[in-house]
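J.: So the chains spell out like this:
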Amino acid sequence: MSEAALQTLLSPVVLFFALGFVAGLVRSSLSVPEDLAKGLSLYLMLAIGFKGGVELAHAGFDLGMLGAVISGLVAGFGLPLIAFGLLRAMTRVSHVDAAAIAAHYGSISVVTFVAASDYIDALGVEYEGYMVAVVAIMESPAIIAGLILAQRDPAAKRAPRWDADFLREVFLNGSVFLLLGALVIGMATGDKGYDTVAPFITTPFKGVLCLFLLDMGIAAASRLRSASGLDHRLVTFGLIMPVIGATVGLGLSWLAGLSVGSGALLITLCASASYIAVPAAMRVALPQANPAYSLTLSLGVTFPFNLVIGIPLYQRAAEIILA
Amino acid sequence: MSEAALQTLLSPVVLFFALGFVAGLVRSSLSVPEDLAKGLSLYLMLAIGFKGGVELAHAGFDLGMLGAVISGLVAGFGLPLIAFGLLRAMTRVSHVDAAAIAAHYGSISVVTFVAASDYIDALGVEYEGYMVAVVAIMESPAIIAGLILAQRDPAAKRAPRWDADFLREVFLNGSVFLLLGALVIGMATGDKGYDTVAPFITTPFKGVLCLFLLDMGIAAASRLRSASGLDHRLVTFGLIMPVIGATVGLGLSWLAGLSVGSGALLITLCASASYIAVPAAMRVALPQANPAYSLTLSLGVTFPFNLVIGIPLYQRAAEIILA
Amino acid sequence: MSEAALQTLLSPVVLFFALGFVAGLVRSSLSVPEDLAKGLSLYLMLAIGFKGGVELAHAGFDLGMLGAVISGLVAGFGLPLIAFGLLRAMTRVSHVDAAAIAAHYGSISVVTFVAASDYIDALGVEYEGYMVAVVAIMESPAIIAGLILAQRDPAAKRAPRWDADFLREVFLNGSVFLLLGALVIGMATGDKGYDTVAPFITTPFKGVLCLFLLDMGIAAASRLRSASGLDHRLVTFGLIMPVIGATVGLGLSWLAGLSVGSGALLITLCASASYIAVPAAMRVALPQANPAYSLTLSLGVTFPFNLVIGIPLYQRAAEIILA
Amino acid sequence: MTIETHARKRLEMIIEQPHLPQFIRLFEQQDVRGYTVLDSKSGKGSRGFWSPARLSSVDDRVMIVAVADEETIQRVLSELQALFEQLPGVAFVSDVQVIRPDRF
Amino acid sequence: MTIETHARKRLEMIIEQPHLPQFIRLFEQQDVRGYTVLDSKSGKGSRGFWSPARLSSVDDRVMIVAVADEETIQRVLSELQALFEQLPGVAFVSDVQVIRPDRF
Amino acid sequence: MTIETHARKRLEMIIEQPHLPQFIRLFEQQDVRGYTVLDSKSGKGSRGFWSPARLSSVDDRVMIVAVADEETIQRVLSELQALFEQLPGVAFVSDVQVIRPDRF
Ligand SMILES: Nc1ncnc2c1ncn2[C@@H]1O[C@H](COP(=O)(O)O)[C@@H](O)[C@H]1O
Ligand SMILES: Nc1ncnc2c1ncn2[C@@H]1O[C@H](COP(=O)(O)O)[C@@H](O)[C@H]1O
Ligand SMILES: Nc1ncnc2c1ncn2[C@@H]1O[C@H](COP(=O)(O)O)[C@@H](O)[C@H]1O
Ligand code: NA
Ligand code: NA
Ligand code: NA
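Going line by line, the protein sequences match chains A, B, C, D, E and F. Reminder that position 245 of the first sequence reads as 245 in our numbering, one-by-one numbering, no gaps. Reminder that position 128 of the second sequence reads as 128 in our numbering, one-by-one numbering, no gaps. Reminder that position 120 of the third sequence reads as 120 in our numbering, one-by-one numbering, no gaps. Reminder that position 72 of the fourth sequence reads as 72 in our numbering, one-by-one numbering, no gaps. Reminder that position 15 of the fifth sequence reads as 15 in our numbering, one-by-one numbering, no gaps. Reminder that position 83 of the sixth sequence reads as 83 in our numbering, one-by-one numbering, no gaps.
Fair warning: there could be bad hints in the mix.
Below, computed lysine-lysine pairings styled on PhoX-like, alpha-carbon distance capped at 25 Å [to be verified]: (1) 41/E <-> 41/F; (2) 41/D <-> 41/E; (3) 41/E <-> 44/D; (4) 44/E <-> 41/D; (5) 41/F <-> 41/D; (6) 44/E <-> 41/F; (7) 44/F <-> 41/E; (8) 44/D <-> 41/F; (9) 41/D <-> 44/F.
Think of the hints as simulated: they come from the structure by calculation, not from any bench. Keep in mind it's a predicted model, so treat the numbers as computed, not measured.
Excised from the complex, chain A in its bound form (with noise of 0.2 Å):
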């Protein structure tokens, strides 16, 4: 496993990942412009929704797919309560703050995702088309369970904003929409229409992801540099949490009987901590809450973890216990 531990940490993905961190570090003027990196972002989301439905149209539905979904939602209730409890017992944060910060751990991290689907995909293991579906469905649950979470917090002064801003926030966030969207589509034009626009979602698809995975560098370094109030117990759950995640997701595809790829995707899922999303709805909900915590931790501390070191374990692990 050591050569391919290798091969992971050469691959052109992670090495401009590492770019992009040192950039940072060394605060290199090397930047991505915004707008660009907001549209290699919809690339991602437009091309592994639409391949998604494409495979989908192929497979149909059956029951693999709805245990996978069982397993998403599961996840999506379940690891917030999980992150909270640890957050309370091993770091100092307040009660509101920790309930935002485990929405996070809750919720999913697509570019992860896309770079385990690529991980899997270059050892030629196959995935289910569904499980596209099954990130889009994990990113808003624990949301609802972060809310909860600080509704009960004694010391809230008022309770946390459940308005139609928020809502619009959490259901039709552009990335969920996208993402479904470009699944549906993928369903509906099946073949035909994958023929027409193959070229464009897969000729640099590989590419777009490492001029992504730059620009995530970048923001990794700039948000560790900057952190404050980070401490070692902290940045100690940002690493345990992932592998917690994990465990949880390795059990829920062994219930559900899940293929080796789809098995080591919900796994990823559950491991991963979303960094745009949630911090957006958290924004809007519960302004009172820090987010420099919950972001740092998540884009500077865990997504690095599971990009080196996350994915092939998570993969070898599915392996093992699903095959």
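Based on the hints, put chains B, C, D, E and F with the ligands in the right spot on chain A.
T.: Here is chains B, C, D, E and F with the ligands on its own, set in the frame of chain A:
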């Protein structure tokens, strides 16, 4: 033809427009960054200009081209008169607003043209390279016609501005410039140039078009959502006028003896309404006209109509009459 | 050679530059959004860095590389002295302005390099992968040389700043960082990495270069149009200096025993003038220097000269002397 | 010839982008008839230095400028006092002159 | 130690991007020696709410800030009165202090 | 009910983007507790017209707004006098009212 209709509706191009439209209606946070959208638009201009130029280099000039160009000019100057008359007869907009809207409908929408050429390409129908030149030629005459109409407003306090700012806006408009420039470059470099640039202008073309239409969908829906002053009379105009334009275009194609493919494109051009070049020119020359009317009509009503219903209809009509 | 000349002039790369130049001169509204232009530039850096690294992984290090690197350093430190002497002798710019301009001409323009490598690629001539490293190495020495020249100004009220801001600007400049980083990644991943990323870095390369040069053309013409204080002496310098630089580059290539391809590239690097890294560093270190002179000269005079006339000339010279 | 001008108040706020809708709603409730939102690039306040969060707009700040009569601005300020207890941001008020008094 | 400062006027306008050249021309005619144009994101005025039109810049608004002596600003204001009858936009004037009086 | 407000000074500067770190450092030294940086699009000053240099950010200008008590602003101004001899830029000071005096 109902199968063909279904096929149009299920093409990725139309579906991504629909996805954007829904996102805009429900106010999802999904958005294509402005700079990216401008970049996609530059790409589309460059690609169709270049391809048209290369084809022109093959075919050389012929009488058909002259016919098409004259048809374009006739439509560009003539359609605004029809549109103006119709608006004054059937709606309640003021003289100057009618003149401004008329200019939009006499001019053309490049993306509608691109979508139509993509549609007839998919059917295996051919069209002449010079149609790209006709696109460029049809952008401006309607602006002149619209201003002349505005000048005849008895209630006008001041004449429209025909100054340098305005003329630059009309004749040196960025998109026309790039379209024509790429056409000339395509002609100059011919197959040799084409071979080197081909992967860039063909591989991602369809995908870029999808992404661009996603943005158009969002824009169209946002326009409609915040539409003020748009009554059913104006909406009716926005649905009737493209059909009238198409009929004129069909007649001109027949007179000019165009091929089925080129005819379908000329019909589409006549049916389409500008939402970039003309609004910009009107803002400078006729600041007293209400831009909300014309842009909402052209983007929110006529563009979707042409994309979903019009194009297959125009192509079918061309097939029946011109074959 | 007149056929070869015609061929250069008719290459899409040069023609798109010309199109942008005309658009800028006539003040068309055509423009490439800033973020897109930065993205195109990132792409070009990433692509040539990666390709160079992969080639380096094949070829391994050799003495030729050492010769090229030393030549680059000699030129980087030496050319500013020549440029400074020439400026003081033939133009009327002040001591500090001459030093700043000299730094631009001692450093290099990556896009000129890319255009040259594209040109010699098209001729089927090969060059060594390490030339990409030489590009990175030649960015900074001239900045140091320019500051030392500026320091000797008897009229200077204060010394140039050599502080942390400045050093970061010089040595951690984003484009150099990405170029070198991609080179290292290319070396580390070798053919295996290349295969996965190849479609991204080769398919659209030429097209991206065209789009980027369209923007360069607009920028060059805008600079020239609003040029103030640029007299015929300075313009003459902007046309003579690249030829002098090229001659020095040819001599160094001969001494270092470079191949025809690598020689043509070193000559081009010596002939080219910076318009990104050096202006940024000068603004920080020598705020009293007039940026209008140097940027207009390098972007508006020397870049077009090299692109249209210089590159074919340099390649021909390399062929005659180094073959 | 001197142009006649009329005294109004200019309210300037810097707030977090995700909370913009709440402030706009406050404006609507207090009959502020016009305002302009400007982008900001970076800054420093009681919560330390910020610059736009890469990859998301949660850290973006905007500046809002609104000119209105003194009474309206007073009403807005008194509401702002409560709002600023929940949401981050700052507000400054200054004097301005306008030429078309009926508009502000 | 107090720094000596000098009184000037600060003119702030919000206008539509396509009309910027006309206002710049007015500045040139009235010898306004300096100004700065800032981007704006959205806003509300007598013509309702606006945010940048997607796909085109016709709906973009900009803010212009110009500091000059009172007399110059008076001249500009009197011209603006006429211009604002044809073109949309708003203008506010306030007092500022500068440290280098020869520049403004 | 009138809200109690407190007088402060508003400093507004327009400087070149590459020099921003030097001005920020000046703020830190003089204990300016808050400021906001805004993007600008184009402008004109003693060095003529500028608009963002394509392909690089060397020509970009930014506007900085900082509100603080009069004494702090005085200290900043006296430092600015020296800095503006080396670096291009302009500074304007005006009066503002704030509602939370402890913050500024
Ligand atoms: N009272 C105001 N305060 C601040 N900005 C305003 C105000 N009124 C109008 N504006 C801005 O000026 C633009 C044009 O105003 P109007 O011509 O009244 O629609 C608006 O869209 C706002 O951005
Ligand atoms: N009087 C003024 N009013 C507003 N902005 C100004 C003024 N003078 C200069 N500026 C801005 O400050 C920048 C630098 O000024 P300068 O150093 O004089 O060229 C200019 O490009 C303008 O953007
Ligand atoms: N004194 C000030 N002057 C100008 N802008 C300020 C000031 N204080 C805060 N701000 C801006 O308001 C934002 C929020 O402030 P705060 O809530 O104190 O962190 C800061 O990030 C700054 O952009
Ligand atoms: Na998770
Ligand atoms: Na038309
Ligand atoms: Na050089």
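J.: Which hint numbers does the structure go against, in order from smallest to largest?
T.: none
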